[in-house]
Every structure is written in C-alpha cells, then in structure tokens.
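Numbered per this note's numbering, the first sequence spans residues 7 to 490.
I should point out that these hints are in silico values taken from the structure, not numbers from a laboratory. Incorrect hints may appear among the rest.
[To be verified] Derived pair list, reagent style DSS-like, types lysine-lysine, alpha-carbon separation capped at 25 Å: (1) K448 with K51; (2) K280 with K134; (3) K77 with K134; (4) K77 with K51; (5) K460 with K438; (6) K19 with K51; (7) K448 with K316; (8) K460 with K367; (9) K142 with K280; (10) K164 with K134; (11) K142 with K164; (12) K413 with K280; (13) K19 with K164; (14) K134 with K51; (15) K222 with K142; (16) K233 with K19; (17) K438 with K448; (18) K413 with K460; (19) K227 with K164; (20) K316 with K438; (21) K316 with K164; (22) K280 with K316; (23) K77 with K164; (24) K77 with K222.
[Stated by the list, open to error] Per label pair, the in silico range of CB-to-CB distance: (25) E114 with Q219: 27 to 37 Å; (26) E114 with K413: 24 to 34 Å; (27) A161 with E98: 21 to 31 Å; (28) P443 with K227: 40 to 50 Å; (29) N304 with G466: 20 to 30 Å.
Even for Gly, the Cβ is constructed at its ideal location relative to N, Cα and C.
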Amino acid sequence: MSDRSPVLLWFRKDLRLDDNAALMAAVQNGGPVVCVYVREPQSEKVGPLGAAQEWWLHHSLTALDAALSEKGNRLILRSGTAVEALAILARETGARSLFVNRLYERDEIDPAILEQLHRTGLEIRRFKGQLLHDPKTMRTGTGGPYRVYTPFWRALEKEGEPREPVDAPASIPAPAHVPASESLADWDLLPQRPNWAVEFENLWQPGEAGAHQRLKRFIDKPIERYKRDRDFPGLEDATSMLSPHLAFGEISPARIWHATRGLTATEDMIHFRKELVWREFSYHLLVEFPRLASANWNDRFDTFPWAFDKAQFAAWTTGQTGYPIVDAGMRQLWRHGYMHNRVRMITASFLIKDLMINWRKGEAWFRDTLLDADAASNAANWQWVAGSGADAAPFFRIFNPILQGEKFDPAGDYIRRFVPEIAGLPNRYLHKPFEAPLAVLKEAGVTLGTTYPKPVVDHGLARDRALSAYAHVTGRSADPDPRD
DNA sequence: TGAAATGTTGGGGCG
DNA sequence: ACGCCCCAACATTTC
C-alpha cells in the first residue's frame, strides 16, 4: 500500500507536529515528506495577517523548522499563489500527493485551489484537526444549524468525548534532495523602526513548545479557580493564554480537551471547556453563515445609524478615551498583542455603544493588533457585543465603564499597570478621574486634559444616544406610527 | 457574560 | 399605640 514517492505536506494554521492528522498520514505513507509553508499574496479571501500576527508567524515558523529538524526534516518556505508554489515544489521533488489539514475559514477558496492542484496530477488528501467536531455535522432537531449557544453545547456533550489526540511521530523522513527554501528574514515579518513588538518577546513563546508549557501551567493550578478568577484582568495567570497558540494551530483543541480529562468535572473545569466550545460555536456560525465575517448576521442592524468620529476612534485605538478601564485594555492590546477577555467586552461595548462606531471598525482593529486574531471568533464576538450576532447580547446591554472597572479591577492593579500616569489616584477615583476633586488630582500629579485625557464622551449621554439610535433597528420610534 | 428606572417591603424615627 | 414618612434593601421591569 505504501507509495514511496514524496508527499507534500502543506502547513497553514496548523503549525504543530502533535495531533496533526495530515502529518501522521504523510509519515504513514512511507515515503519522504516535504514540509512547506506558502506565503500567499493577499487577496480578497486570503489575509493579510495582521501586523501582530506577522510577528507571531515569524517566530512560529522558526519554531516549527527547529522541531522538524529534531525529527530529521525541515520546513521549506515558498511564496506565491498556493497553486503555483505547490505545483512547482511538486515538480521539483517528484511528489505525487498533497496532504493538508482543513481550515474552515478557507472553505470558500480551498476547493478551487485543491482542484487546480489535482489537475496537475497531484492526489489531494484533506484531514481534520482545527476543531473538536466537524461544524457541518452539527444539526438541531429540525435539521438546521444552531443559532443559540446552550443547545449547541448540549449537542456536543451528547456527541461524547472528542477523538483522542495523536502524539507527534518519532521521525519524519526527509527527501534525499531537500528543495530550496526562501529565507524567513526576507519575508520582513518583524516590525522595524519602531519595533512596537518589544514587549511581545517577554510575554510570548510562539510555537508548539510554548503552547504546551502554557497548557501544563494552566492545568496544573489556575484552572481550579478559573470560573471566578478569569473575570479579573489584574490577576496574573488566571487564564490559559492559549489563544494565540490555538489561532496558529500550534496546539489542537483536542489536545487541550484531553488535558482537562484527568481533572474532576468541577464548575471551573466545565467553564474552561465551555470557552473552547465558544470557539467551536463561532466556527459553526461562520461555516453556516459565511457572511458573519463582514455583514450583520441579523440584517435588521443594516439600518443602524452608525456614527464615525475620527478623533474619537483614534482615542479608542490609542487608549486615550479618558475612561481608565477602556484605556488600560487598549494599551494592553497594543503593548502585548493581547487583551483580557473581560476588558475586550468593555472596550468593544465602548466603541459600539458609547462612540456608536460600527463594529466592523473594531473588528478590523483587533484583527490587526491581536496575536490571537481568529476569523471566526473575532467576527462572532464583535457581533455578539453589537447585538447583531447569533445568540448575542441584546443591544441595550450597555457596559458602564466605571462600574465595570470598579467591579472587576477593584484594587486597580490592571489600570495602574497600563495607565501609569494616573497610578497615584486613590482607588475611589481611579476608575473616574473626572469626578475627583482638584486637590485629589493635584496630590496624584494628574492634570486632566494634559497628563491624562478628559472623557471623550459623557457615558450617561452616550448611553441615551445609543438607545435612541437603537430604536431605528427595532422599528420603534419616539412618536408612534399611527398605522400600528 | 448589564444598568437604570421603577416598584415593593419593612424597620425605625417621630409626632 | 398608632399612623405617617423616609429610605435602605431588595425585586422587577425596561431599555
């Protein structure tokens, strides 16, 4: 059964050796494996990766190449369209087949690409591993896709345990003549002047080894307090921090799920699993409703009267809104390529409801700056906050940035870390410097409008404005329609 | 995985 | 002792 001609193994967002179905099959095929990553030109459907993710990709490809070296192989880098680059590589190596793991966000473009490659004479085999379950097989009792999370969760429970993850192969045979690889340095993935990624290096270790360290550390202890602690952005190590690794496929969700199996089914463990399943749910929605990525899932929001104030948007992106919890979050995002989940909800609510800026603007900003940016999760979660998504928070659920700060960062650890210019304020005023008496501000060395901005909007007024705008969507207006 | 507005209840001060 | 008011505490409704 073994065909000894080389197999092309096309790595994409599955930059791992562990639990990699395409890799296992390629090794079992018996012949050499040509491992390739293709840098495709950006098109409407492909990329570009955000700038933050280019930084991650650089280091992740380095890590993958090192891991392959330990198995007696290496990673070949090529650029060009997938069809051309892979066809050329197949010709150079005499490969007769192409193995690849399925990427659901590429469902619209992959079939044509793979069909073209098939026509060049390559046998094509696709494998799964991006998700716990195939999102297309999930069906409600009436045969449709799920639109609500809880039934989706129950359905997954009913499916039983996800498949066992498979360990990395002991070795991966390389071709006798290793084809040429482009130089990673030439891809210019790392930021130059200014190097805004300086702090990334201390915080993150891209690659499979880093992913497994994170997992081990989290399962070891923090998961025992996950349900409660995950809401407090000031706590270190309360969450798994696995999201960028998952986004690049450096670790499979099945591997993570499997790691939780040794634990007793506490509420903490269940809540962690539920977060993994939110990711599944987002992909389920994206696969069933591809428009989720760019259009309102609920098209009633198409008439929503969005505003766009350039200066206010800039204040949001740079963390200068005058609301400390919002600014802390946006600055964490810029400095760390990451933002705590609780604060993502607060900052998103602020952009959409206080500034009344279209969620797409926020989604695009997060896509460019988050190391864990993910096509399905990012769109689904932004629409969740906006109220336009499936099983979304109602639009009128508007976060009060002061109360959220007081509730979830009571000691102000998080704010003081990222907004140091107001660190001297007492806790009582830390979340609302604009209400502090002048003497208190002076004592803390804060001058509003100079050392720290005044609020870009008044939350109370902004809330009223958002709610009356929302009336456009519900069809209700201040003066009732006599035809009703 | 909200918050504000509005409604209800019950204890205590007080005439 | 009683009714009245105030208002905190809690519950419900509304956006």
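Report the numbers of all earlier hints that the structure fails to satisfy, in ascending order.
Violated hints (numbers, rising): 1, 4, 7, 13, 15, 16, 19, 21, 22, 23, 26 and 27; every other hint is consistent with the structure.
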